[in-house]
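Student: Residue strings, one per chain:
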Amino acid sequence: MKIGVCLKQVPATDTRVVVNPTASGILTNDVKWEINPYDDYALEEAVRQKAAGKGTEVVILTVGGAETEQRLRDALARGADRVVRVDDPAMAGADALGYARALAAAAKAEDVGVLFCGRQAVDGDNGAVPAMIAELLGWSQVSWIDKLAIDGGSFTANRAAGGGAKEVVTGALPGVFTCDKGLNEPRMATLPNIMAAKKKPIVVKNLDAIGLSAGAVAPLVAETAMSLPPARPAGRKLTGDAATVAAELVRLLREEAKVI
Amino acid sequence: MGILVLCDTDGGAPRKSAYELLGKAKALGLGPVTALVLGSADVSSLGGYGADAVLHYDNAVLGTYSTGAVVKALANAIAATGAQYVLASANQVARDAFPRLSARIGAGYAVECTDLRSEGGKLVGRRPVYAGKALVDVATNSAVGLYSVRPNSFPIGASTGASAPVTVSDGGVSAADVDVKVVQTLAPEGKEVDLTEADRIVSGGRSLKSKEGFDSVVRPLAAAVHATPGASRAAVDAGYAHHGDQVGQTGKVVNPSLYIALGISGAIQHLAGMRTSRVIVAVNKDADAPIFQYATYGIVGDLFEYAPLLQKEFEKALS
Ligand SMILES: Cc1cc2nc3c(=O)[nH]c(=O)nc-3n(C[C@H](O)[C@H](O)[C@H](O)COP(=O)(O)OP(=O)(O)OC[C@H]3O[C@@H](n4cnc5c(N)ncnc54)[C@H](O)[C@@H]3O)c2cc1C
Ligand SMILES: Nc1ncnc2c1ncn2[C@@H]1O[C@H](COP(=O)(O)O)[C@@H](O)[C@H]1O
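Residue numbers (the numbering used here), protein chains in the order written: chain A, 1 to 260; chain B, 261 to 579.
The hints are simulated quantities; they were obtained by calculation from the structure and are not laboratory data. For each residue, glycine too, the CB sits at the ideal point set by N, CA and C. Just to be clear, a hint being listed does not mean it is correct.
[Claimed, not checked] Heads up, incomplete: computed chain B residues facing chain A, CB under 10 angstroms, no partners named:
#1 328
#2 351
#3 364
#4 369
#5 405
#6 443
#7 453
#8 472
#9 473
#10 475
#11 517
[As the list claims (entries may be wrong)] Straight-line C-alpha distance at most 20 angstroms; calculated DMTMM-like pairs for lysine to aspartate or glutamate:
#12 B:382 to B:397
#13 B:576 to A:255
#14 B:572 to A:30
#15 A:258 to A:248
Model the full structure from these sequences, guided by the hints.
Tutor: Put into C-alpha cells, the structure is as follows:
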C-alpha cells in the first residue's frame, strides 16, 4: 500500500498580517513560508507508518506553485519518497472543494491506500479539504486524531469529540486522517538526508494530467472584503503594593468590567 | 427555501448553542426556520427560540456520532425541507460532517463564521482567517450553502413560549450507514468546562518552571475564579500541562469573558488564540512583554507573589 500525505505551504505562524489594497488577501512580500504546522504531524505519521511496515512508499501530494519546492525538499529530507505537485492556472480561483478535487484526483492517480492531512491549514483555517477528499474518493475519514494503529485493512484511532473528550474509533481502510498536535513528535531533517533528498523526484502535473477540467474546480464560496479585527482599547497598568493591587484588580473585574 | 439549523443536544436536551443559532436564523429573515435534531431528545422548547418547525430524526443510530450516518441524515433533511442554508455550531460534528456533506451535494461551505447577515436575500458570513489576525466576508453561490458558526457569537433571547410542529422520523438512516464506529469515549483530562466553551480561563506559561509549579499556582487560582486552566505552548511542550490545555494558533481558540495570563509573554501565536477575550488580565514581571499591549488590566510583577494574593481575593469575592 502506498501512503499519501497532503502538504500545504502557508505563511509562518509569526507572520504579521497586512491586508492588500484590494482587500482580497494579505501582502506576501515579507512573508516567510513554511509547511503548515499540522501537516508536519501528517508527514511524520506517514513516515512512521511506512517504517512500521504498513506501507511501501510515502508520496507527498500538494497543490501549489514552483515556489513551494524548497519546503517540499525539506519534507523529502524528513523521510518522504517523492512529490506530486499539482500546478494549474485554474487553481488560482479555487475554494476548498476545488483543492479537494485536485488532491483526490492526484491520490487516485497515485493509487494511495491511506492519506494523512493536517487538521487545518493555518492560512484559511478551513479544516475542510481532507473530509471533502474522503467523500470524493468514497473513503472513511477520521478528524483530529492524536493516536493511530493500522492493522491490515482496518484501523483504530483516537479522535477529538465535543467538550474536550476523545473517542476511540475503528473503521476500514482506505481512509483519510487529519492529524492533530500530540499524534507524534515531528523529526528534523539531518544533513545526509537533506543531501539525499536533492535526488528525490518532484513531478508536476496540471489538471488535465489528473483528469480534471478547469470547470471542476470553479468555486462555490467567495471570500471578499478582508479586514483587520478592531483594535483593542488601551488597557491600564495597576501599580502599588502587591496586596492592594490584587484587591483593586478583583474590585475592577467586578465593578468596572463586570466579568465576575 | 429557508434555513435548516442543526441543533446540538446534550443529555437529551438542546444545548445553548442551538437556541443561539435558532434565534439568529429567525432574525435573518431568509424564510422559515426548521430545527433539525438527531437522536433522542426533548425538542419541545425549540419553537420558543425561533424554530417554525422541528424535524426530529429520533433514531438510536444517530445518538452516537458517525460520519456516514450523520452526513446521510443531513442530506436527507436538506432534501426534505428544500432548505437554502444550513447552520450548525462549529464543533467536532460540523467539522467532520459539513465538509463531507459539501462535497456530496455540491454545497459551498463557509467555515466557523463569527457573524451572519442577510444581504439582498443572500446569507453573508464573516469569519476569522490567519488565526483571527484578519477577517473576511464569505458567501456561498451554490443552491445550498452550509455555514458553521462559532459558539457564543450571538446573544440568546428569552423564549417566547411558542411551540412548533414536530415531524418525527428515523431520518432514512440505519446501522448499515455507520462507517467509522465509536468503541469508547474517553472523558476530558480535567473536569472543568472545555477551554473552547469556557467563560473564564486562567493560563500559565513557561515561567511556572515545572508541572508542580503549574499545578500549585495556576490550577488553584483557576478554581478560585471558577475558570478552566489553560497554558502556553511553551508550558505544554515542557510537560507542565496537557496538549488539550494549549491556547493559541496551534492549540485552542478561546473566547471567554475573562482571560488571566500568568507569566505569558504574548507571542503572536498565543495572542491568535485568545485575542477576542472580552477582558484580559496579564501578570508579567517584564513591563515590556507584548501581552501588555492587549491586556485590559496589567500587573507588572512576580506571578508567584501575585497568584496567591489574587486567589485569596477571588475566594473572598466569590464565596
Ligand atoms: C508553528 C508554531 C506554532 C505555535 N503555536 C503556539 C500556540 O498555539 N500557543 C502558544 O502559546 N504558543 C505557540 N507557539 C509558541 C510561541 O511562539 C511562544 O514561544 C510561546 O507562546 C511562549 O510561551 P510563554 O509565553 O509561556 O514563554 P516565554 O515566551 O518564554 O515567556 C515567558 C514570560 O514569562 C515572564 N516571566 C518569567 N518569570 C516570571 C515570573 N516569575 N512572574 C511573572 N512573569 C514571569 C517573562 O517576562 C516572559 O514574558 C507556536 C510557535 C510556532 C513556531
Ligand atoms: N493546496 C494544498 N496542497 C496540499 N494539501 C492541502 C492543500 N490544501 C489543503 N491541504 C491539506 O488539507 C488540510 C486541511 O486544509 P484546509 O481544509 O485548507 O484547512 C491541510 O492541513 C493539508 O493537509
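Student: Decide, hint by hint, whether the structure agrees.
Tutor: Hint-by-hint comparison with the structure:
Interface hint at residue 328 (chain B): satisfied, since its Cβ lies 8 angstroms from the closest Cβ of chain A, which is below the 10 angstroms cut-off. Contact between residue 351 (chain B) and chain A, as hinted, is supported at the beta carbon level, the nearest pair being about 5 angstroms apart and thus within 10 angstroms. For residue 364 (chain B), the suggested interface contact is upheld, since its CB lies about 5 angstroms from the closest CB of chain A, less than 10 angstroms. Annotation: interface hint on residue 369 (chain B) holds; nearest CB of chain A at approximately 6 angstroms, less than 10 angstroms.
Look at residue 405 (chain B): its Cβ gets to within about 8 angstroms of chain A, closer than 10 angstroms, so that hint holds up. Residue-level restraint check for residue 443 (chain B) holds (minimum Cβ-Cβ distance to chain A is 5 angstroms; threshold 10 angstroms). With 10 angstroms as the threshold, the beta carbon of residue 453 (chain B) comes within range of chain A, its nearest partner Cβ sitting at about 8 angstroms, so the hint holds. About 22 angstroms separates the beta-carbon of residue 472 (chain B) from the nearest beta-carbon of chain A, more than 10 angstroms, and the hint is not met.
Because the closest C-beta pair between residue 473 (chain B) and chain A is about 19 angstroms apart, greater than 10 angstroms, the hint is violated. Interface hint status for residue 475 (chain B): violated, as the beta-carbon distance to the closest one in chain A is roughly 18 angstroms, over 10 angstroms. The restraint placing residue 517 (chain B) at the interface with chain A holds, with a minimum CB-CB distance near 5 angstroms, inside the 10 angstroms limit. Of the pairs offered as hints, the one joining residue 382 (chain B) and residue 397 (chain B) holds, with about 12 angstroms between alpha carbons and a cut-off of 20 angstroms not exceeded.
A threshold of 20 angstroms between alpha carbons decides the hint, and for residue 576 (chain B) with residue 255 (chain A) the separation of about 15 angstroms falls inside it, so the pair holds. Note on residue 572 (chain B) and residue 30 (chain A): the hinted pairing is violated, with a Cα-Cα distance of about 47 angstroms set against a maximum of 20 angstroms. This hinted pair checks out: residue 258 (chain A) and residue 248 (chain A) have alpha carbons roughly 14 angstroms apart, not beyond 20 angstroms.
Hint check: violations occur at hints 8, 9, 10 and 14; the rest are consistent with the structure.
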